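Protein chains: 2
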Amino acid sequence: MPRKIEVCLTPALIDLYAIEESIVVVIDILRATSSIVYGIDNGAEAIIPVAQVEDCLNYADRGYLLAAERNGEVVEGYNFGNSPFSYTADKVAGKTVVLTTTNGTKALHLARKASQVVIGSFLNLQALCNWLKTQDKDVLLLCAGWKDQFNLEDTIFAGAVVHELRPLFTDFDDAGVAAEDLYSMAKDNLRAYVGKSAHSHRMMALNIEEDIKFCLQLNICEAIPVLEGDNLVALKGI
Amino acid sequence: MPRKIEVCLTPALIDLYAIEESIVVVIDILRATSSIVYGIDNGAEAIIPVAQVEDCLNYADRGYLLAAERNGEVVEGYNFGNSPFSYTADKVAGKTVVLTTTNGTKALHLARKASQVVIGSFLNLQALCNWLKTQDKDVLLLCAGWKDQFNLEDTIFAGAVVHELRPLFTDFDDAGVAAEDLYSMAKDNLRAYVGKSAHSHRMMALNIEEDIKFCLQLNICEAIPVLEGDNLVALKGI
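Keeping their order, the protein sequence lines are chains A and B. With positions in the first sequence counted from 1, the corresponding number in our numbering is that position plus 4. With positions in the second sequence counted from 1, the corresponding number in our numbering is that position plus 4.
If you're looking for bench data, these hints aren't it; they were derived computationally from the structure. Please note that the accuracy of each hint is not assured.
For identical chains, the list gives no copy identity; a pair is met inside one copy or between any two copies.
As the list claims (entries may be wrong) - Computed cross-link-like contacts, SDA-like style, restricted to lysine to any residue with a CA-CA straight-line distance of at most 25 Å: (1) Lys-240 / Met-189; (2) Lys-200 / Arg-7; (3) Lys-200 / Glu-168; (4) Lys-240 / Gly-98; (5) Lys-151 / Arg-7; (6) Lys-151 / Leu-20; (7) Lys-137 / Phe-84; (8) Lys-117 / Ala-16; (9) Lys-200 / Asp-175; (10) Lys-8 / Met-208; (11) Lys-151 / Ile-18; (12) Lys-151 / Leu-114; (13) Lys-217 / Thr-92; (14) Lys-117 / Lys-151; (15) Lys-191 / His-167.
Predicted, not measured: the structure shown is a model, and the values here were computed from it.
One chain only, chain A, in its complex shape (with noise of 0.2 Å):
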């Protein structure tokens, strides 16, 4: 059967596509996904995107752990933020944690008609990419950029995606294949590639460069969130 794998640069173009037989890959390297992907692989029961920092206090009085960011920063009265080492094991397992970012979560929301979706970070690359090979839908890679515009971290992650995958499909967009460029330009020395980036600056400036670093790991994680409902959780029968 032919399958198509696009990229979407920011979920601003996500209107251009048709998403509703798809599976959408939902990425936001720095640093929600791949806290996402880190918190489920550790056992969390389950981790809710919201949009707004607010709509985290609707979730206050369940027991629920309550994460929340704005650029870059944890708000104050909040458990924790998005940095990964937040989503250890001892924290997060067995428990609920609800999330509130920039840009992941704006883009999760965005993407909620597709026929499936999923979490994407270098840490489950291999896994995901393993589940994807077996499904029979049309791959649709949406970058959650920054402020909706294009970034470097989320495009190189759909390059490596469209890497592994293009063996098995047939039809690709430009943008499927310039990340796959980029990413084979990035892939020997991804912390010095995504170096490059101006949101990496930013980050510089909060001093998570311990973050930046643990985000870019590859294939510590075998665990695929999935959206069901309002709750990201593990895909089963992996």
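Once you've looked at the hints, dock chain B against the given chain A.
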């Protein structure tokens, strides 16, 4: 003075940029902006970009040449479309051409509120960059794309401009970094690289290989078309 150069990868993202004080370079390599540069360089008095084929008809009784194209083909009854070979001196010198195209004209119209709107193509790359270097404004490189989607050929041209201007600018966005890297991969064989593009496959189906090769020539024109009112005319004093 700190100067910023950014790349808007598709017209659908133009609202993310504050262009009122900037110079916007409109880019539609295959083939609108290549033909516009070639036509102005060959002495066309003006080229008037319009958004709809029907808008051309408003100019029908003024003795202008009418150029209309949709989805890469000349519209029946018009003088010509977007092929640069229609914009030779013997056809256009001293004439005004009314031009409508699928993507380029749309980008031009969206850029109108900029401080200045000029036209870029590989044909006038060096002349354009030389002029941009002497200005004191920020620069936005606006890729026309294909039906609001990212395309390779416009992006690598944007990358060529970023590459040339980098020493004089202080602020770059991630799209500019990516475009420059893609250009570095493409520059030794632009035709082969553009061959990876979905759009170029559509072009090849239209049997316009000679057009594509023509549009990928470097620096055969000195003219920089600039938008004045509704008209694209030669920038004076360069």
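Hints, verified against the model:
1. Lys-240 / Met-189: Neither. Shortest intra-copy (34 Å) and inter-copy (41 Å) distances fail the 25 Å Cα cut-off.
2. Lys-200 / Arg-7: Between copies only: 18 Å across chains, 33 Å inside a chain, cut-off 25 Å.
3. Lys-200 / Glu-168: both (24 Å within a copy, 18 Å between copies)
4. Lys-240 / Gly-98: Within one copy only: 16 Å inside a chain, 70 Å across chains, cut-off 25 Å.
5. Lys-151 / Arg-7: between (30 Å within a copy, 21 Å between copies)
6. Lys-151 / Leu-20: both (18 Å within a copy, 9 Å between copies)
7. Lys-137 / Phe-84: So Lys-137 and Phe-84 fail the 25 Å test inside a copy (35 Å) and across (46 Å) alike.
8. Lys-117 / Ala-16: both (15 Å within a copy, 21 Å between copies)
9. Lys-200 / Asp-175: Close across copies (12 Å), not inside one copy (30 Å); limit 25 Å.
10. Lys-8 / Met-208: between (36 Å within a copy, 21 Å between copies)
11. Lys-151 / Ile-18: Both: 14 Å inside a copy, 13 Å across copies.
12. Lys-151 / Leu-114: Both, since 14 Å and 20 Å are each at most 25 Å.
13. Lys-217 / Thr-92: within (16 Å within a copy, 55 Å between copies)
14. Lys-117 / Lys-151: Close inside one copy (21 Å) and across copies (22 Å); limit 25 Å.
15. Lys-191 / His-167: Both ways: Lys-191 and His-167 sit 11 Å apart in one copy and 22 Å across, limit 25 Å.
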